[in-house]
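Number of protein chains: 2
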Amino acid sequence: MFSVCRQFYFSKVTFVALPSKYQRALHHESKHKIEKIKLREPFAVVAGNLPKTALNGEQAFNFLNDDAKVFIHGGAATPTILISEFYNYVMAKKLKNISAYHIHTEGPFPIINPEASSHVRSVSLFTGSNCRDPIKSGRADYVPIFLSEIPLLFRRNIIKLDLALLNISPPDVNGYCSLGPSVDVTRAAIESAKHLVGQINPSLPVTSGDAHVHISNFTSIIHGDMPCHFMNPRQMTEVEDKIGALIADNLIDDGATLQTGIGAIPDSVLDKLSNHRNLGVHTEMFSDGIIKLVENGVITNANKVVRPGKVVTSFVIGTENVFKFLHDNPLIGESLQLNFYCCFYKVFQINFIEY
Amino acid sequence: MFSVCRQFYFSKVTFVALPSKYQRALHHESKHKIEKIKLREPFAVVAGNLPKTALNGEQAFNFLNDDAKVFIHGGAATPTILISEFYNYVMAKKLKNISAYHIHTEGPFPIINPEASSHVRSVSLFTGSNCRDPIKSGRADYVPIFLSEIPLLFRRNIIKLDLALLNISPPDVNGYCSLGPSVDVTRAAIESAKHLVGQINPSLPVTSGDAHVHISNFTSIIHGDMPCHFMNPRQMTEVEDKIGALIADNLIDDGATLQTGIGAIPDSVLDKLSNHRNLGVHTEMFSDGIIKLVENGVITNANKVVRPGKVVTSFVIGTENVFKFLHDNPLIGESLQLNFYCCFYKVFQINFIEY
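Chain order of the listed sequences is R and E. Be aware that the first sequence starts at 1, since it is given in UniProt numbering, and climbs by one per residue. Be aware that the second sequence starts at 1, since it is given in UniProt numbering, and climbs by one per residue.
Errors might be hidden in some of the hints.
Each pair may be met inside one copy or between any two copies, as identical chains are not told apart.
[To be verified] In silico SDA-like cross-links for lysine to any residue, where the CA-CA straight-line distance does not exceed 25 Å: (1) K324 with G48; (2) K324 with V206; (3) K324 with N174; (4) K324 with P171; (5) K292 with A302; (6) K292 with S137; (7) K160 with H119; (8) K272 with G48; (9) K324 with P202; (10) K324 with D172; (11) K242 with N174; (12) K324 with G138; (13) K96 with H119; (14) K69 with S216; (15) K292 with P171; (16) K194 with H276; (17) K69 with H195; (18) K324 with P170; (19) K94 with S137; (20) K94 with A54; (21) K160 with L246; (22) K52 with M236.
Derived by calculation from the structure, the hints in this document are not laboratory data. Keep in mind it's a predicted model, so treat the numbers as computed, not measured.
Pulled out of the complex, with its shape left as it was, chain R reads as follows:
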């Protein structure tokens, strides 16, 4: 097993340390146990409930009070239109002490505007590029935590969520909306938050696995069509190309299960695996690099013990191609139960170091 850990460098990071009793609560029995405390099961029908269709934030958020704790859907699914409506509502109503929790947000993010500072505070649990400068300058917070432990913050009510803002596909004939490319910690937020507000987005790729939420769980919805936030492929340097080839040729065996992160090294490694056989994918995330390997039969997932046959991921980000590949593809199962790598045959983790 080979692992290069993700490391971040911030010149002036504001760390928000959790009280020690919560640190214990997080680590105690956190492995191989699914929490049972939840307000809702996202797949279940709430009989007789239909969300209010709102035209704007004024109609969508009228239940919101001071001191609310809010989760915001992240990654390629960051609900930009809904965030804007939420921000306008908080500012118009002069709400106080709102906390906005999120991982890896993309695109415009008005809640980190200086004029919002006495109303709403951004708390990154995994920092997207739009939050790095505000964190450095002290206008936003960052909590260092393992991705796999964030669901416990919600499920154990360490962060007791009042609201989750979600980017969702229109309900299908059975009433199910999909979370698209970002299931990650979002499912736990949905299980725990008192209110769900959805941005109904026909351009969101429909994903399966644990990605669905029944529409009857929502308090209100707003229509907002927008493409996924994409990540352009970066031109690979000669050094990255060489590192990828060395890893692919010397460290990854046929039949291995891959876990990949974001960045040039994972992309470079995937680019060099065309002659491998029976690779599997059970991963934090994937990007464009796996498409070719699925299409030419290199990724078969035949050796996986957990979810054999399936590519399992927590979130997806990349170009328009990867969102097209993701849409309604039964090969892909999205989930966050990713802390069981011990069950796999020859797990190979490819992450990166960011300077």
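Since chain R is already given, all that's left is putting chain E on it; use the hints.
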């Protein structure tokens, strides 16, 4: 835990006993272990392979020889049109000693015709109504075996399959066909059989979970549109109605996970559960009875530890309503990994005794 076991009564049953070395092979380490020996992973793309589109059996089965061992898809998905083409081919070519393995077949089944006896022999691994009389009269065979152990017959090459006949949905944009309402032992047959021949059936409900096969795994396909084999609801007797109420009121707790079989007692029990809360379903099969319980929020699957939120089943049979409910429904995950009931909270098994 309460279990009424399924029992069959045959006046003159022809049992085919497996040689004792195979009986040991079946039972040794059969629990909690997924077999690794397989010819193919059904989800994987076989690069460069496209099946031949055949107009008839003559074109579809021209690779077939004497002594072949053939699997036939069963239950509501029994591929009647393909079976007819297969039968005609075997008879026209006068092939000898063909064995046809299957579970719970429905509809016309010409391979049990007396005139086929010197060409093809039907072997039920779980007997459908169309095979009971031929078994009684000695024209067909029956192997007594647990449903959960049948995949091992294929995966361990105890029965070395040359061909599987499958009823499949048309390939989707990514090339995936669904096995519709019967995944059951069929997935193991697909992993093991040298050749797959599919009846492309636009009327088959599209199911997910482990239900998909990539079209590139097929040797040939025939177009054949037909509805699923249905099972009419039976009028409940007063006694069955009373038994159902007694079981629902006295034996099934809120939060229980249900396993149901075919028959009047499971139907009657499900009919009486409308006031229960947070039931889960992880089952051999289900029928029309669960639809109402999902729609009114009684079945939430919130307490399940394995596949929380999802209804997991191995096959589905019932009226047109249940196939409509099943189609493209992200709530339903079809699978055969059903031998882990020990993981659940308050499992309640409802089967029946047939006289």
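Each hint tested on the structure:
no. : hint           : verdict
1   : K324 with G48  : between (34 Å within a copy, 22 Å between copies)
2   : K324 with V206 : both (10 Å within a copy, 20 Å between copies)
3   : K324 with N174 : both (23 Å within a copy, 10 Å between copies)
4   : K324 with P171 : both (19 Å within a copy, 17 Å between copies)
5   : K292 with A302 : within (17 Å within a copy, 37 Å between copies)
6   : K292 with S137 : neither (41 Å within a copy, 55 Å between copies)
7   : K160 with H119 : within (19 Å within a copy, 69 Å between copies)
8   : K272 with G48  : between (53 Å within a copy, 20 Å between copies)
9   : K324 with P202 : both (13 Å within a copy, 24 Å between copies)
10  : K324 with D172 : both (18 Å within a copy, 13 Å between copies)
11  : K242 with N174 : neither (49 Å within a copy, 33 Å between copies)
12  : K324 with G138 : neither (38 Å within a copy, 55 Å between copies)
13  : K96 with H119  : within (4 Å within a copy, 82 Å between copies)
14  : K69 with S216  : within (22 Å within a copy, 49 Å between copies)
15  : K292 with P171 : between (31 Å within a copy, 19 Å between copies)
16  : K194 with H276 : between (47 Å within a copy, 23 Å between copies)
17  : K69 with H195  : within (11 Å within a copy, 57 Å between copies)
18  : K324 with P170 : both (17 Å within a copy, 20 Å between copies)
19  : K94 with S137  : within (24 Å within a copy, 84 Å between copies)
20  : K94 with A54   : within (20 Å within a copy, 69 Å between copies)
21  : K160 with L246 : neither (46 Å within a copy, 41 Å between copies)
22  : K52 with M236  : neither (48 Å within a copy, 41 Å between copies)
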